[in-house]
Amino acid sequence: MARSRIQELTDEELDSYVLTRLRAAGVDLGVLPDDDPDAPADQRRTLAGARRFLRSTPPAILDFELDVQRVAPTLYPAALSSRLSERDNDG
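Residue numbers (the numbering used here): 7 to 97.
Everything labelled a hint here was simulated from the structure, so no lab data went into it. It is possible that part of the hints are untrue.
[To be verified] Label-pair restraints from in silico Cβ distances:
id, residue 1, residue 2, range
1, Leu28, Pro65, 13 to 23 Å
2, Glu19, Arg51, 11 to 21 Å
3, Leu28, Ser62, 24 to 34 Å
4, Val74, Glu14, 22 to 32 Å
5, Ile67, Asn95, 30 to 40 Å
6, Ser62, Val37, 18 to 28 Å
7, Asp69, Glu19, 14 to 24 Å
8, Phe70, Asp42, 13 to 23 Å
Ideal Cβ placement from N, Cα and C applies to all residues, glycine included.
Based on the provided sequences and hints, a complete structural model is requested.
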């Protein structure tokens with residue numbers, strides 16, 4: 007979703023966008039209380055934080071699309087490549 011489009015969304019539309027993305031990632035905000043100032047996290051504050059983040063995110067990050075077919079960067083690529091090599095040789 008383009009940055010300019012994010013700026014045009016209402017809070018309700020942005021909440022829907024955030025909830026959809028979280029559900030797709032397997033995250034259920036329904037386990038949090040709706041609005042509880044004594045809780046470490048609640049749905050209202052979590053969604054407000056997500057809206058604030060999306061509205062202030064640089065376009066390069068906002069427009070990034072994760073390629074699930076691509077291997078994610080790792081801190082120690084040599085260790086990962088040796089494990090992948092072992093796995094491939096076992097098959």
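### Task
Identify every previously stated hint that the structure contradicts and give their numbers, smallest first.
Hints 3, 8 contradicted; others consistent.
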